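Novice: For reference, the chains in residue letters:
Number of protein chains: 2
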Amino acid sequence: MKKVYLDNMATTRVLPEVLQAMLPYFGELYGNPSSLHSWGDEAREAMDEARAKVAALINAAPEEIIFTSTGTESNNLAIKGIAQAYQEKGKHIVISAVEHFSVMHSVKTLEKRGFSSTLVPVDKYAMVDPSDVARAIRKDTILVSVMHSNGEVGTIEPVKEIAAIAKKAGAVFHTDAVASAGNVPVDVKELGVDALSLAANQFYGPKGVAALYVRRGVRLVPLFDGGIQEGGRRAGTDNVPGIVGMGKAAELAKKDMAARANLLQPLRDRLIEGVLKIDHSILTGHPSARLPHHASFCIEFIEGEAMLMLLNLQGVAASSGSACTSRALKASHVLLAKGIPHALAQGSLLFGFGVDRTAGDVDYVLEVLPPVVDRLREMSPLYDKYIKARHGVA
Amino acid sequence: MKKVYLDNMATTRVLPEVLQAMLPYFGELYGNPSSLHSWGDEAREAMDEARAKVAALINAAPEEIIFTSTGTESNNLAIKGIAQAYQEKGKHIVISAVEHFSVMHSVKTLEKRGFSSTLVPVDKYAMVDPSDVARAIRKDTILVSVMHSNGEVGTIEPVKEIAAIAKKAGAVFHTDAVASAGNVPVDVKELGVDALSLAANQFYGPKGVAALYVRRGVRLVPLFDGGIQEGGRRAGTDNVPGIVGMGKAAELAKKDMAARANLLQPLRDRLIEGVLKIDHSILTGHPSARLPHHASFCIEFIEGEAMLMLLNLQGVAASSGSACTSRALKASHVLLAKGIPHALAQGSLLFGFGVDRTAGDVDYVLEVLPPVVDRLREMSPLYDKYIKARHGVA
Numbered sequence: 000m001k002k003v004y005l006d007n008m009a010t011t012r013v014l015p016e017v018l019q020a021m022l023p024y025f026g027e028l029y030g031n032p033s034s035l036h037s038w039g040d041e042a043r044e045a046m047d048e049a050r051a052k053v054a055a056l057i058n059a060a061p062e063e064i065i066f067t068s069t070g071t072e073s074n075n076l077a078i079k080g081i082a083q084a085y086q087e088k089g090k091h092i093v094i095s096a097v098e099h100f101s102v103m104h105s106v107k108t109l110e111k112r113g114f115s116s117t118l119v120p121v122d123k124y125a126m127v128d129p130s131d132v133a134r135a136i137r138k139d140t141i142l143v144s145v146m147h148s149n150g151e152v153g154t155i156e157p158v159k160e161i162a163a164i165a166k167k168a169g170a171v172f173h174t175d176a177v178a179s180a181g182n183v184p185v186d187v188k189e190l191g192v193d194a195l196s197l198a199a200n201q202f203y204g205p206k207g208v209a210a211l212y213v214r215r216g217v218r219l220v221p222l223f224d225g226g227i228q229e230g231g232r233r234a235g236t237d238n239v240p241g242i243v244g245m246g247k248a249a250e251l252a253k254k255d256m257a258a259r260a261n262l263l264q265p266l267r268d269r270l271i272e273g274v275l276k277i278d279h280s281i282l283t284g285h286p287s288a289r290l291p292h293h294a295s296f297c298i299e300f301i302e303g304e305a306m307l308m309l310l311n312l313q314g315v316a317a318s319s320g321s322a323c324t325s326r327a328l329k330a331s332h333v334l335l336a337k338g339i340p341h342a343l344a345q346g347s348l349l350f351g352f353g354v355d356r357t358a359g360d361v362d363y364v365l366e367v368l369p370p371v372v373d374r375l376r377e378m379s380p381l382y383d384k385y386i387k388a389r390h391g392v393a
Numbered sequence: 000m001k002k003v004y005l006d007n008m009a010t011t012r013v014l015p016e017v018l019q020a021m022l023p024y025f026g027e028l029y030g031n032p033s034s035l036h037s038w039g040d041e042a043r044e045a046m047d048e049a050r051a052k053v054a055a056l057i058n059a060a061p062e063e064i065i066f067t068s069t070g071t072e073s074n075n076l077a078i079k080g081i082a083q084a085y086q087e088k089g090k091h092i093v094i095s096a097v098e099h100f101s102v103m104h105s106v107k108t109l110e111k112r113g114f115s116s117t118l119v120p121v122d123k124y125a126m127v128d129p130s131d132v133a134r135a136i137r138k139d140t141i142l143v144s145v146m147h148s149n150g151e152v153g154t155i156e157p158v159k160e161i162a163a164i165a166k167k168a169g170a171v172f173h174t175d176a177v178a179s180a181g182n183v184p185v186d187v188k189e190l191g192v193d194a195l196s197l198a199a200n201q202f203y204g205p206k207g208v209a210a211l212y213v214r215r216g217v218r219l220v221p222l223f224d225g226g227i228q229e230g231g232r233r234a235g236t237d238n239v240p241g242i243v244g245m246g247k248a249a250e251l252a253k254k255d256m257a258a259r260a261n262l263l264q265p266l267r268d269r270l271i272e273g274v275l276k277i278d279h280s281i282l283t284g285h286p287s288a289r290l291p292h293h294a295s296f297c298i299e300f301i302e303g304e305a306m307l308m309l310l311n312l313q314g315v316a317a318s319s320g321s322a323c324t325s326r327a328l329k330a331s332h333v334l335l336a337k338g339i340p341h342a343l344a345q346g347s348l349l350f351g352f353g354v355d356r357t358a359g360d361v362d363y364v365l366e367v368l369p370p371v372v373d374r375l376r377e378m379s380p381l382y383d384k385y386i387k388a389r390h391g392v393a
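Respectively, the protein sequence lines represent chains H and U.
Heads up, the first sequence is in numbering that gives the first Met the number 0, so the first residue is 0 and it goes up one at a time.
Heads up, the second sequence is in numbering that gives the first Met the number 0, so the first residue is 0 and it goes up one at a time.
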């Protein structure tokens, strides 16, 4: 059976060059970068090099990069760390209604500690209107966080405009760029952001390593107390092989970004065109302002999880939303926020393309998906009701 | 030049078998364990297997293991998470004076949120007297944390006795077993602990992965908000290769623990015997109740960092305390707590033995160390003063 992995928003394959770069740091150059000897020096130099590469990917300075373990940790550190550092100025936070739960629930946790928040709505494409952010900002707003792109529906948000509004209002601006960084150009200076989250496993780097960019001068209360690693901002033994892998992945992403997008975007468009031929299917997210490797749909009258199971039996890996909550089997807050009815949101189907994919893979998906949809609709009471209503049967 | 790595308390080498076990999970079996397809299933099965192996190392149930990124994260999660979960019962915490900064500073952070704490003193071996813990416990004590062993001076603490005292008082008991787990027998049931931290890089597993044991029924507020990974207790994409590596390292540690101790303890004793022949040198920590791979000293009249530099020039890696704070160049709070004067504490020197070491390595260290000490003492104003005083020179 053909095996077609199209779940790159959940995680990507580690590229061979990335793994090769990591390998010496397990059993040979295994020092702790905090140690005062040559084993430590080797590890520290490798980390410095990786830090420079990750910084270069987003046009930051190396000392503005804090290595963490996951995008979720980066988002928690940004939201909780910045809010706590600036709480004497005010305790109000503005975020969009389509943020990842690591942002959204961090804000909820802060609300238990006396903070308040405003959720900015989105349009039918899950796009934030910067003027809505401007309206949500109050005198006591200390932090605004709007994601760079949405991993569930692929929409790229107008972050530059929002960052300028936050800056004018004197609030710190953070963006969750986990789905974007390494896949589309992300330039912290051009965007004018104060903090930005990125994760290696979204651009062919390893799991277990991510980063938070924090602009020089922006304060942050650490999540972890302990040692003085990462300039005192992230205690704990550094994950040297992971960090080296993230550095290599960042270097490759910077070099190959345009070529990868040129490869994947036509495949994505071919898939979108084919899937939309299925009756009662819609594209979710923005049709053009979207990640080049991202295609997402709602297929009416059926459930996403059932589609995933049947696609999996055909060797196709996809998802129905954020992997972080896929086992919770709830309708996506992103789809609901963009105005999709609850029943339709259940039929969410999301494909993330990786550099291994070919036009043949897309054709294969377009061959196996329609029968899957037909089979599930045959079993669907909702579809049955719809057909009967259409044919005037009571 | 001979290369002798004796800094295994800072971090260990990843064993070849451990790396081999990890390798498939980078570029082949790269699924996200939260995903609903076969790539996700493979990753989840590998994680389940690793979880069972880590649980077996400490005689826990697999569902009592939460994977984290570092021992520091495990300690932060335990201290902050348990304190927050039980704060309606009381807000007092008892810890020892020789805890790692990830415990000690977590408690300080909680003090800013209305908690209070009592620091239990230690004796000249850095050993806690359980009756001091009993005296420190109040009616509003909700959490007691005393480490299983001290990474700086090697002393193994009477955790079983302390856990029983905490239990009787109705407080949750956590132990930081980062230096112990995988090196000496640690059995959560026999010890009677409620929570226990361990880290893979302390027993030949990779950096970037650690765990927290939490006994069934013990509550915990997560550090990270976001997805529902690790039973909702640790959000964020799972570090599958790291977790698989920790599983393999735990399996090997369980199997080889006695053999490793039998190899390393005589080497350690040979080193202790030799180093104590140096004038004005003392062993720190307990002479017998200590980690089998741990030797630590204070060498009077000189500074630990200078010794490390000169030893490094001879190819020997050692440390002068916790790697987490080695670059802070401050006298160790552990040495000060056990009553060593500030000046003597500066001359701290710590060796952690790994399974690659031989008697020849020890002899080499005993050959190069005395001249290093002599050379530094020649430059030491303190030593000069001492010699003059001894010879009656003003």
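No lab work stands behind these hints, which were simulated from the structure alone.
Only a predicted model underlies this, so the values are computations on that prediction, with no experimental measurement involved.
Hints may contain errors.
Copies of the same chain look alike in the list, so a pair counts if it fits in one copy or across any two.
The list that follows gives simulated cross-link-like pairs (lysine-lysine, DSSO-like), each with its CA atoms no further than 27 Å apart [what the hints assert, rightly or not]: (1) K166 / K387; (2) K123 / K111; (3) K107 / K167; (4) K254 / K188; (5) K111 / K88; (6) K253 / K167.
Novice: Should K111 paired with K88 be assigned to within, between, both, or neither, using CA atoms and 27 Å as the limit?
Specialist: Both: 18 Å inside a copy, 18 Å across copies.
Novice: Go through the copies and call it for K107 and K167: within, between, both or neither, with a Cα cutoff of 27 Å.
Specialist: within (25 Å within a copy, 36 Å between copies)
Novice: Go through the copies and call it for K123 and K111: within, between, both or neither, with a Cα cutoff of 27 Å.
Specialist: Neither: 31 Å inside a chain and 44 Å across chains, both beyond 27 Å.
Novice: Given identical chains, is K254 near K188, meaning Cα to Cα at most 27 Å, within a copy, between copies, both, or neither?
Specialist: within (19 Å within a copy, 53 Å between copies)
Novice: Please work out whether the CA atoms of K166 and K387 approach to 27 Å or closer within one copy, between two copies, in both situations, or in neither?
Specialist: neither (56 Å within a copy, 65 Å between copies)
Novice: With identical chains, the pair K253 and K167 could be close in the same copy or across copies; at 27 Å between alpha carbons, which is it: within, between, both, or neither?
Specialist: neither (31 Å within a copy, 59 Å between copies)
Comparing the model with each earlier hint shows violations of hints 1, 2 and 6; every other hint is respected.
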